[in-house]
Structure formats: C-alpha cells, structure tokens
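Protein chains in written order, with this note's numbering: chain A, 1 to 304; chain B, 305 to 605.
The hints are simulated quantities; they were obtained by calculation from the structure and are not laboratory data. We treat Cβ as the ideally placed atom computed from N, Cα and C, and that holds for glycine. Just to be clear, a hint being listed does not mean it is correct.
[Claimed, not checked] Cβ pair distances, simulated, as ranges:
#1 A:Q185 x B:L510: 43 to 49 Å
#2 B:E467 x A:F91: 37 to 43 Å
#3 B:R453 x A:D152: 38 to 44 Å
#4 B:W459 x A:L39: 15 to 21 Å
#5 A:A149 x B:Q570: 21 to 27 Å
#6 A:A149 x B:V466: 49 to 55 Å
[Stated by the list, open to error] Computed list of lysine-lysine pairs in DSBU-like fashion (alpha-carbon distance at most 35 Å, straight line):
#7 B:K420 x A:K72
#8 A:K277 x B:K497
#9 A:K72 x A:K277
#10 A:K277 x B:K420
#11 B:K420 x B:K497
Now for the letters of each chain:
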Amino acid sequence: MATEAVGSAGIAVGGSAAASRWRRRRALNVWGWRVFLTLVGLMLFGPLVILVLFSFNDSNILTFPLEGFTTKWYSEALTDPVLRTALANSFQVAFVVAPLCLVLGTLAAFGLTRFRFRGRGVIGGLVGAPLVLPWLIIGIAALMGYARADIDLSLKTVVATQTVCTFPLVTAIVAAQLFRFQKVQEEAAIDLGCSRLQVLRHIILPHIGPALAAAGIFAFAWSFNNYEISAFTLGFQQTFPVWVYSNVRNPDHTAIVNAISALISAAQVVLIWFALKLMRLRSGDQATTEMIAGTEAVAATART
Amino acid sequence: MAALQESLGIGVDDKAGRGRRGPRRPGGARGAFGILFAPVTLLIVLFLVPFLIMVQMSVVRFPPRVDSGYTLDHYVEVLTNPLNPHIAWTTFTIATTAMIVMLLVALPLAYFMVFKARKWELFLLLALVLADELAPVVKVYAWQVILGRNGIMNWLIPGPPVEWLLYSSFAVILTLSTTYITYTTIPIYAAMKAIEPATFEAATDLGAGWWQQARKILIPLAAPGIFVAMILVYIPMLTDFVTSDIVGGTGSYMMGQRVRDLILGQGDWGAGSALNFLLLAMSVLLSLGAYRLARLNRIES
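Given the sequences, and given the hints that come with them, work out the whole structure.
And the structure:
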C-alpha cells in the first residue's frame, strides 16, 4: 500500500519517464513472482500430474510423448492379487491406527494443556520426541525391541509402533486448538451448573471437533503412507508403500505402479484438502495459519 | 511454533504460565496422571524401551544374544571402517546441497506468502501442507518417471539422452529438495510473520533497495526461523534412505541406506545398532539445539 503511495508520489514529481520506468519495474516484479510461483508449483505437484498422465498411456514403457489413451492399467492394478492384499493391509492398519491415535493423542493433549505438574516438561518432551526423531532410527529400535521380547513381526507390530509414532501428531494439532480457547470458559460453564459431561458436549467438543476430524485424517494418511516403520516392523506381509517400493525398479509393473499411485494420490489430495478446509472452517484463517505454522514445524522431521 | 511448544509443555516456565492460566490446581498432578497414564505408558513401552534395547545390542558382543558379554568393539568398528567416513561425507554434501537449494526457494516463497500473497496466503500454505502429506514413496517414484532415460526431461532437452539425470546425486538432491521444501518454508514463514511490514516501508522511504532490505532486514530478522528450519530438515535428510534407494545411484549411497543394509541386508546388528545410536545421538543434539533456538526466539519476542 505504502509502496504504491511512494510510487505515485514519484510519478507526480518525476514526470512521465520515471512513471513508465516505475511501471515497467512493477510489471517485471509481478511477472518475476509469477514465474517463481509456477516453478514452485511444478516442483511440488508436477510429478503427480505426470504420474496421472502416464497412468492413461497406452504403453508399458515410460516414454514421452504419450502414445494412446487407455484405462486398462487401472483395471489391471485393481485386479492384481498381491497389490490388492497390500492395499487391504494398509487400509486395515490405518483404520486401527487412526482411531487409536485420536484417543491417545487427545488424552495427551488434555493432560499437557489443562494440568500443571512436576515433570510436565519431561513428558512433553517424550510426547514430542517421535515427531522429531527420524523414522529409520525408530524403526530399527522397534525391530530390536520386538526381537528381544520374542514377538513375531506382523501387522500388529506395525500398528503398535505406528500408533506411538503418530499419536503425538494428534496431540500437537489438538493441543494447539485447546490452547486457543481458555480454560476459563470451561470453568465458567461449571460455575453455571454444567456437569462434566455437559462441558464436554457443549464447550469442549464444538471447539476441538474440527481439529479432531482433521487430526484423524492426518493420522490416517501418515499411517497409510508410512514406509520406514512398516519396512522394519513388518513380517512377511506387504503394505501399499512397501509394495510400491519393491516394484519401482520392476519394468513389468511400471504401468500398474503408475496407475495405482495416481489413484491413491488423487484420493488423498481430496481427503487432505477436505481436512485442511475443516480446520479452517472452525478456527478461521488466522488461527489455521498459526496452527499449521506451529504443528508443521515440529511435525516436520518425522518423515525420513 | 511457540504456541505449540507451550501446548506440548516443552520449556514452559511455570511461573510465567501461572499468571495467564490461573493458579496451580491442588489436584493437578493426580488428574494429569489419570489422563496421561495410557499415552505415556505406551510411549515408554513401545518407544523408550526399544531404544534402550538398541543401546544394549550395540554393546553386546554377539547380538542379539545378550549373554555373550559386553564390548565396545562395534563402536570401534563403526568409527574405524574406512567406508563410513566416505558415506558420511557423501550424505553431508548431498544434504547440504539440497539445503542450499531449498533455502533459495523457501526464502522468497516465505517472503511472498507473508508480504505479497494477501488472500492467496492461506491457499499457498495449505498447498504446501498438502504436497507434504502425500505418500513419500510415490512422490519419489514420480521423479523417476520424469528424470528417466526416456522421461520428459530428456524429451525436452535436445540431443542424445542425458544419463546423469536419474540414478545420480543430482536426482537425489532434486528429489530431497522437493520432499522437504514444506518443512524448510514453514518455520521461515512463521519467523517472517513476526516482522512488521512497516519496517520495509520505512526502509523503502529511506531509499534502501530490495537487496539491502533483504540483507539488512529480512534475513537477520528471520534468522532464528532459518536456523530452526535448517536443523529440523537436516535431521531427516541425514538418515533418508527412501530417496536414494529409488532415484540414487552408486555415487549417492547415503548413511540411512548404510544402516538399513547393515541391519536388514547383512544382519550385522552390532555395527548397525552402534551406527544407529550415533545417528540418534546426533539427531537428539540437533533437535535440542533447534528447541533452544526456538525458545530464545520466543523470549526475545
């Protein structure tokens, strides 16, 4: 705003030559940003667009330009028995992990935000640790832990380790939301004669509901997409990321990998966008930006 | 960032908190115990104990047999094996190059989001998060499609196919940069959010050019965010093995791959857990550094 004011002042003083120079620089500026943002967009989403394009390509070889249009890779992918089992395993794991994480994560968020006690910092650090330490390191430790305890690796061990590494994400999202609305509101409701349950139903849930839904979707996505922990804590079964991993250098499966990756990514784009909108719906733009800036910064390093 | 740390209970000064959050509840500890019992117990059993077992494995003579006597041989082996410094150096150069690329993108991107984007600010932020939440394995695989011998890049570039685009350090650096750009951008964005836009207006009025403004205002004021971003992104990059497995070549063999191969490939639990422990120690030190920086930043503001 002020820059524009300075600019127009410049026009008034400097005459038309300065004005056109200023306008040219401004146009250059705008175009510079546009080019930059397009490049960033290509970096982030270009690969996925290409993946979708190739999944409709009528050839099993990754050659550009594309040859013809086909949907046969999708039907082949969805009828491949090994892939179907892997997908089913991933869904099974994520459908167990996400609700578990919601319960544990919310409990931890309440404990850490609504109470003050000795050792709170230590427990906060313990809850935050799985978000900061790389999954490779955690996966190896888990593998050794299970071996030492004589527990056979299976989908159950995947669920167990994924749950303890993912619920802190829910804690981070829910705690950020709990922190925003003051405990005073709960206490006021109690003073006005609300029961504990009524407080939960009428005060707390409406406040953290959207954050919970969003956190649930994120936890589901984390679990479904996780490769590192699954790779170390999985028995003979495969999950979807593990299947993709073992097929990326297999030329016979290129087209199927493309098709199923495109399909899963598209579904996730829709789901995650919906989760983000949910966060925004209740919290408002300002709160959402703050929440993401806070949560993501710490959630940052969990993925290796 | 600060709000999250506060809400997670990291580094919150009780005295400072008391004024704002009301008096300490007498029954606080008991209520907290009931609520935190399940999550904390699970974290101890499934997260903390495995790490202790891993440390034990790294000092046992013939892991996983714990009755075979204790030794520090595995650490000596890891530190003296000539292969390891070489791999560490490769990992460090790849991670550092990727970091430079990401900073070159993240700094202008964060600046744009905070000061120029206006109604697009939230959209850009959400797009960054969205890009990050998609399956990492699939995202890395997509680069294989682009950079391959017959891929789009080679179709766009005239002449014979460029071989070093894929299965090379170049591919690993490019893919790592796109994987972690969200985490690099967001702490920087959060730090820039705290800068008063009027500062730049004042600088413009006083005749400072964009370079001077960037060097004398933007970067110094965003420095804590930049350092936090660097540390938080270095930690996972130094242990990344997915990227290098899928798009890397023999010249880009990284530390994460080394640890994975020691444990799953060669079954050498002694050296594997020793190396893993060293990586863990490094990660913990780096994250404590990031935490201190973030806290310092909070006290200053």
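Cross-check of the supplied hints:
For the pair Q185 (chain A) and L510 (chain B), the supplied restraint of 43 to 49 Å holds, since their beta-carbon distance comes to about 46 Å. One distance hint, 37 to 43 Å for the beta-carbon pair E467 (chain B) and F91 (chain A), holds here, with the actual separation near 39 Å. For R453 (chain B) paired with D152 (chain A), a C-beta distance near 42 Å keeps the hint of 38 to 44 Å intact. Between W459 (chain B) and L39 (chain A) the beta carbons are some 19 Å apart, a value that agrees with the proposed interval 15 to 21 Å.
At roughly 23 Å, the beta carbons of A149 (chain A) and Q570 (chain B) sit within the given window of 21 to 27 Å. For the pair A149 (chain A) and V466 (chain B), the supplied restraint of 49 to 55 Å holds, since their beta-carbon distance comes to about 51 Å. Note on K420 (chain B) and K72 (chain A): the hinted pairing is violated, with a Cα-Cα distance of about 45 Å set against a maximum of 35 Å. Using a Cα cut-off of 35 Å, the hinted pair K277 (chain A) and K497 (chain B) holds, with the two alpha carbons roughly 22 Å apart.
Under the criterion of a C-alpha separation no larger than 35 Å, the hint pairing K72 (chain A) with K277 (chain A) is consistent with the structure, at around 34 Å. Between K277 (chain A) and K420 (chain B) the alpha-carbon distance is near 22 Å, which keeps this suggested pair within the 35 Å criterion. Between K420 (chain B) and K497 (chain B) the CA atoms are separated by roughly 12 Å; this keeps the pair inside 35 Å, and the hint holds.
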